[in-house]
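> Quick note, the sequences are listed as chains Z and F, same order. Mapped onto the working numbering, the consecutive letters of the first sequence carry residue numbers 1 to 381. Mapped onto the working numbering, the consecutive letters of the second sequence carry residue numbers 1 to 361.
Don't take each hint at face value.
As the list claims (entries may be wrong) - EDC-like cross-link-like pairs, simulated, lysine to aspartate or glutamate; straight-line CA separation at most 20 Å:
1. Lys98/F with Asp365/Z
2. Lys353/Z with Glu343/Z
3. Lys201/Z with Asp20/Z
4. Lys201/Z with Asp163/F
5. Lys328/Z with Glu343/Z
6. Lys98/F with Asp226/Z
7. Lys176/F with Glu225/Z
8. Lys204/F with Glu112/Z
9. Lys98/F with Glu314/Z
10. Lys201/Z with Asp181/Z
For the record, the hints were derived by calculation from the structure and aren't laboratory data. It should be emphasised that the depicted structure is a prediction, and the values quoted were computed from it without experimental measurement.
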Amino acid sequence: MGDARRSTSFFTEQHLSYADILPPLQVRARIEVAVLNFLKVLNSPAPAISNLPTIKRKASNSRVNQGLLTDVSWIFLSHAFCTKSLTRENTAKSFIRVWKVMEMCYEILVLEKRVTQRELFYKLLCASPDYFASQLQVNQTIQDVVALLRCSRFSLGIMASSRGAVAGRLLLQEPNEETVDCTTCGSSGYAISGDLDLLEKLVMKTDAHYIFVIEKHAIFQRLAEDRVFNQIPCILITAKGYPDIATRFFLHRMSQAFPEMPILGLVDWNPAGLAILCTFKYGSIGMGLEAFRYACNIKWLGLRKDDLEIIPEESLIQLKPRDMQIAKSLTSSEILQDNYKEELAVMVESRRKAEIEALYFHGYDFLGKYLAKKIVQAHYI
Amino acid sequence: MEGKRESSGPNHLLQKLRDFTHSIVEDLSHSRSPVIYIHRFRNYCTDISGNCYCIHDSFKGVEILTLQRECHARRLAILLRVLLIVQQLLQENRHGSKRDIYYMHPSVFREQSVVDRAINDICILLQCSRHNLNVVSVAKGLVMGWLRFSEADRIFNCLNHPDTAHSIPVHVEEVKDIISVADYILVVEKESVFQRLANDCFCKTNRSIVITGRGYPDIQTRRFLRVLIEQLHLPAYCLVDCDPYGFDILTTYRFGSMQMAYDTKTMRLPEIQWLGVFPSDAEKYSVPQQCLLPMTSEDRIKTEAILNRCYFQRVVPEWRVELQLLLQSGVKFEIEALSVHSLTFLSKEYIPTKIQGRSFM
Numbered sequence: 001m002g003d004a005r006r007s008t009s010f011f012t013e014q015h016l017s018y019a020d021i022l023p024p025l026q027v028r029a030r031i032e033v034a035v036l037n038f039l040k041v042l043n044s045p046a047p048a049i050s051n052l053p054t055i056k057r058k059a060s061n062s063r064v065n066q067g068l069l070t071d072v073s074w075i076f077l078s079h080a081f082c083t084k085s086l087t088r089e090n091t092a093k094s095f096i097r098v099w100k101v102m103e104m105c106y107e108i109l110v111l112e113k114r115v116t117q118r119e120l121f122y123k124l125l126c127a128s129p130d131y132f133a134s135q136l137q138v139n140q141t142i143q144d145v146v147a148l149l150r151c152s153r154f155s156l157g158i159m160a161s162s163r164g165a166v167a168g169r170l171l172l173q174e175p176n177e178e179t180v181d182c183t184t185c186g187s188s189g190y191a192i193s194g195d196l197d198l199l200e201k202l203v204m205k206t207d208a209h210y211i212f213v214i215e216k217h218a219i220f221q222r223l224a225e226d227r228v229f230n231q232i233p234c235i236l237i238t239a240k241g242y243p244d245i246a247t248r249f250f251l252h253r254m255s256q257a258f259p260e261m262p263i264l265g266l267v268d269w270n271p272a273g274l275a276i277l278c279t280f281k282y283g284s285i286g287m288g289l290e291a292f293r294y295a296c297n298i299k300w301l302g303l304r305k306d307d308l309e310i311i312p313e314e315s316l317i318q319l320k321p322r323d324m325q326i327a328k329s330l331t332s333s334e335i336l337q338d339n340y341k342e343e344l345a346v347m348v349e350s351r352r353k354a355e356i357e358a359l360y361f362h363g364y365d366f367l368g369k370y371l372a373k374k375i376v377q378a379h380y381i
Numbered sequence: 001m002e003g004k005r006e007s008s009g010p011n012h013l014l015q016k017l018r019d020f021t022h023s024i025v026e027d028l029s030h031s032r033s034p035v036i037y038i039h040r041f042r043n044y045c046t047d048i049s050g051n052c053y054c055i056h057d058s059f060k061g062v063e064i065l066t067l068q069r070e071c072h073a074r075r076l077a078i079l080l081r082v083l084l085i086v087q088q089l090l091q092e093n094r095h096g097s098k099r100d101i102y103y104m105h106p107s108v109f110r111e112q113s114v115v116d117r118a119i120n121d122i123c124i125l126l127q128c129s130r131h132n133l134n135v136v137s138v139a140k141g142l143v144m145g146w147l148r149f150s151e152a153d154r155i156f157n158c159l160n161h162p163d164t165a166h167s168i169p170v171h172v173e174e175v176k177d178i179i180s181v182a183d184y185i186l187v188v189e190k191e192s193v194f195q196r197l198a199n200d201c202f203c204k205t206n207r208s209i210v211i212t213g214r215g216y217p218d219i220q221t222r223r224f225l226r227v228l229i230e231q232l233h234l235p236a237y238c239l240v241d242c243d244p245y246g247f248d249i250l251t252t253y254r255f256g257s258m259q260m261a262y263d264t265k266t267m268r269l270p271e272i273q274w275l276g277v278f279p280s281d282a283e284k285y286s287v288p289q290q291c292l293l294p295m296t297s298e299d300r301i302k303t304e305a306i307l308n309r310c311y312f313q314r315v316v317p318e319w320r321v322e323l324q325l326l327l328q329s330g331v332k333f334e335i336e337a338l339s340v341h342s343l344t345f346l347s348k349e350y351i352p353t354k355i356q357g358r359s360f361m
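Isolated chain Z, as found in the complex (with noise of 0.2 Å):
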């Protein structure tokens, strides 16, 4: 059943852009190939400077995938093209930015590091100053040569932070090394390493029948250092905030490890929470070409409005400026479901958020209650 599973999604993948990791020597080989190809244009009996073509990023050119045979849907970037051209004025920098990225990711490949984007931006600068003026545009040119060379930013050498956290009965061991019981990692639990290679080997264990999936990283440590774990059996983990690709990807693969277990969000009920929660769910667009391999069917365990009833008035916080602007995108991206699109509504209708810690005014130990009476009922979308 899972090999029919994955061999059908496989079809419906064909037309989809998406990003591979890949080993260092392969990202090498693309983008000498690419070198190669311009070379070739430029070399044969019609010479012309070739457009580069990469994807655009942008909500118009997103859809959301509902899986035909699965429950995961995820985001993803058709192949709607936005050329750069070295003879149209407004691309002609961007053109040659991604040719200047290419060459420096190149190099580091060959020496076998890697960077950070801070790094990579400094090195550029002083590379070609004419072409790179800030931070962002050397964001945005790795996402392009992401899009061209179809593989991901980490594939290409750039280091990414460790920001998740892991906590609870989950049993993972790196090849030869010692196996680590996420049980006795304390209240800050085992750091989740930005290096996806090392992930990609872990061996997973468990004997947990859900897992949490917590926004904020006060409310993980109280359930950790709380050991929720050991009255429910779980796993709890965390992105500390908005998720990074490490998390979800490790999140992602305990997904695929132990594809029964149910994967349960814990959000402030505001639309950044919501936002969270959907990034796990979906993908970000911004990294829509990497986004949908690690999307996971999470489910929406709180807070939500039926959640208000227990919450005190005084808890409730008005919504700034800022929320508004996410509910407004959130709304306006079409992925959302529609008993998410009422939790949403409720939101800025009343214009009140909550925060999860606002449940502590019924004691410190309310908030394991609160989960378990949650599982219990099965009161999760």
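Here the structure of chain Z is known, so what remains is to put chain F in place on it, guided by the hints.
Using the frame of chain Z, we list chain F on its own:
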């Protein structure tokens, strides 16, 4: 020893708490207003003559709260409310954050800031540190290197993998059995520099412990550093960007922050030395012109404000010289500017030669 004297253990604090409440009840039962003295602390001022009293850790003023003024009455009510929660935390041996405390009685507190102030006042009144009240926050810092220690039931053994990052533990008072074969401790401002050192396997070739606070260091990072320095007696070097924020972070490590001035004694690190990046390093290490970014007017204002702090005259005049150079040159640069020509320059040359050549302040 970590934390203030033994009189900060939970039982002692609970006793002090009871005594404090008892005295208030006594006053009220005799129809007098309680008079609460809250000492004011600061760890620097703008007196550059060098004659100020900031060098002493005693209080620099006092606030007197009585029930005669309504705002004081409210402040006292909040303080007592928070004190009740703290008592619960201590009795149940639980920990909470300032935010958690706010949410327990949001209708009474109405704002996070009043809770924050109440906690500071309680620390001053009971003469203890914030963590003694079991009020903690999330742990932000990272550590790697030749270090082994245990925290409660968990053993952090970085010795097998000196280049793997670990989170700095939340409950620093539970850190025990510290073993290290390092020669020094390196504190870096930014996570990206920490990552660079890890990627270069810095700790494999240099026997050191590397710590980052990921920006402005939180309480745990500063306390952890202090424990390491006190127990291991190792020199500590600080590597920050050559810009006003870098200096502010350096001074936070060295002198403590104004916000936590009442607890400076336990959190400052007088042993920490400034390894770099000095404004004079720009020329010395041939930092390319394009990497020298112009200082904005806010940068100038901030640098001048930092320079006006009294400890620059009294304690670290040599830092003052470099900061003035920064103002004069009008440019700032980040640590990454040093890696432009060679990614491994920082770990293979800059840091080791600076430490060996004792070119730190």
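> Each hint needs a verdict: does it hold in this structure or not?
We went through each hint and held it up to the structure:
1. Lys98/F with Asp365/Z: With a Cα-Cα distance of about 17 Å, the restraint between Lys98/F and Asp365/Z holds, given a limit of 20 Å.
2. Lys353/Z with Glu343/Z: holds (11 Å)
3. Lys201/Z with Asp20/Z: OK: Lys201/Z and Asp20/Z at ~16 Å, within 20 Å.
4. Lys201/Z with Asp163/F: With Cα atoms ~18 Å apart, Lys201/Z and Asp163/F stay inside 20 Å; holds.
5. Lys328/Z with Glu343/Z: Answer holds: Lys328/Z to Glu343/Z is near 13 Å, not above 20 Å.
6. Lys98/F with Asp226/Z: holds (17 Å)
7. Lys176/F with Glu225/Z: It holds: about 19 Å lies between the C-alpha atoms, which stays within 20 Å.
8. Lys204/F with Glu112/Z: Satisfied, since the Cα-Cα distance of roughly 17 Å is no more than 20 Å.
9. Lys98/F with Glu314/Z: OK: Lys98/F and Glu314/Z at ~17 Å, within 20 Å.
10. Lys201/Z with Asp181/Z: Cα-Cα ~17 Å, so holds.
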